[in-house]
Amino acid sequence: MKKRYWLIGALLIYAFFRQTDDGSTVPSSQDTTPTRVERAADIEPVDVSAKPTRELSSVKVETPSSDSLELRPADAPIRYVSGKRVGFRSGASTTDPIIDRFDAGRKVFLMEQAGDWSRIRDDLTQHEGWIATRFLSETETRTKAAPARKEKKPEEVEVAIPVVPDSVLIQRIIAESLDSYPSSCACPYSRDRAGRRCGKRSAYSKPGGYAPVCFPGDVTKAMIEAFRSR
Numbered sequence: 001m002k003k004r005y006w007l008i009g010a011l012l013i014y015a016f017f018r019q020t021d022d023g024s025t026v027p028s029s030q031d032t033t034p035t036r037v038e039r040a041a042d043i044e045p046v047d048v049s050a051k052p053t054r055e056l057s058s059v060k061v062e063t064p065s066s067d068s069l070e071l072r073p074a075d076a077p078i079r080y081v082s083g084k085r086v087g088f089r090s091g092a093s094t095t096d097p098i099i100d101r102f103d104a105g106r107k108v109f110l111m112e113q114a115g116d117w118s119r120i121r122d123d124l125t126q127h128e129g130w131i132a133t134r135f136l137s138e139t140e141t142r143t144k145a146a147p148a149r150k151e152k153k154p155e156e157v158e159v160a161i162p163v164v165p166d167s168v169l170i171q172r173i174i175a176e177s178l179d180s181y182p183s184s185c186a187c188p189y190s191r192d193r194a195g196r197r198c199g200k201r202s203a204y205s206k207p208g209g210y211a212p213v214c215f216p217g218d219v220t221k222a223m224i225e226a227f228r229s230r
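Going by this note's numbering, the letters in the sequence shown line up with residues 1 to 230, in that order.
Don't read these hints as lab results, they were simulated from the structure.
Treat each hint with caution, since some may be false.
[As the list claims (entries may be wrong)] Derived pair list, reagent style DSSO-like, types lysine-lysine, alpha-carbon separation capped at 30 Å:
{"id": "1", "residue 1": "Lys-206", "residue 2": "Lys-221"}
{"id": "2", "residue 1": "Lys-150", "residue 2": "Lys-84"}
{"id": "3", "residue 1": "Lys-200", "residue 2": "Lys-221"}
{"id": "4", "residue 1": "Lys-84", "residue 2": "Lys-107"}
[Said to hold, decoys possible] Label-pair distances were calculated between CB atoms; the ranges are:
{"id": "5", "residue 1": "Arg-230", "residue 2": "Arg-201", "range": "31 to 37 Å"}
{"id": "6", "residue 1": "Arg-196", "residue 2": "Pro-216", "range": "23 to 29 Å"}
{"id": "7", "residue 1": "Pro-207", "residue 2": "Glu-155", "range": "54 to 60 Å"}
No residue lacks a Cβ here, since even glycine has one placed at the ideal position from N, Cα and C.
Make a model of the complete structure from these sequences and hints.
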């Protein structure tokens with residue numbers, strides 16, 4: 001029994017010294033693996049916001065030529081139409097269709113001038129077209145307004161007053177004279193209340209009394225004019 005204990009103890013001592021001679025010790029985590037901070041320190045930082053640049057000398061800047069420049073309405077000179085009902089055409093020829101017609105004083109922008117024709121832009125409609133250069137002016141001219149016609153007063157037409165013939169006036173004078181007599185026997189041809197002719201019993205036949213006008217010959221010119229003027 002004691003012999004067995006000695007054998008076990010010898011084996012344990014042998015194993016201990018065997019491990020010491022090999023030098024194999026368990027390293028700590030600090031000795032074997034570098035930390036993330038140490039690795040990050042070894043990496044060179046990279047600027048991700050940096051953009052590749054090119055030399056300015058290698059870049060060509062193209063500028064439009066003067067021939068390709070088109071005047072804007074704000075830069076184009078202002079012109080005014082100087083004619084009346086001037087044709088605004090789609091092309092620089094009298095055979096091109098007429099788009100519109102302009103009267104004097106119409107404001108336009110001169111976009112291009114080619115001899116007898118000018119390309120313009122209408123200020124009102126913003127449409128472009130062609131118009132004869134001779135109808136464009138730098139100063140505004142307007143057509144004179146036609147003078148207002150004077151209303152003709154209606155001619156006073158003189159209404160001719162119909163002239164009553166003397167014969168008619170004479171009959172009226174005689175009738176008024178008979179009406180003014182108080183009795184029925186004013187004239188010889190008158191009849192009394194019994195229906196008999198008055199004859200010499202009439203007032204006309206009795207001198208010195210009431211003198212009625214019984215016959216046309218009794219009416220004078222003065223009596224006619226006095227009656228007419230009433």
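Right, here's what the structure says about each hint:
1. For the suggested pair Lys-206 and Lys-221, the alpha carbons sit about 25 Å apart, so the restraint of at most 30 Å is met.
2. Distance hint between Lys-150 and Lys-84 is fulfilled; the C-alpha atoms sit about 26 Å from each other, no more than 30 Å.
3. Among the hinted pairs, Lys-200 with Lys-221 is consistent with the structure: their alpha-carbon atoms are about 27 Å apart, no more than 30 Å.
4. A distance of roughly 13 Å separates the Cα atoms of Lys-84 and Lys-107; the hinted pair therefore holds under the 30 Å criterion.
5. Distance hint check: the CB atoms of Arg-230 and Arg-201 are about 33 Å apart, consistent with the given range 31 to 37 Å.
6. Between Arg-196 and Pro-216 the C-beta distance comes to about 25 Å, which sits within the given range of 23 to 29 Å.
7. Between Pro-207 and Glu-155 the beta carbon distance is about 58 Å. The supplied range of 54 to 60 Å therefore holds.
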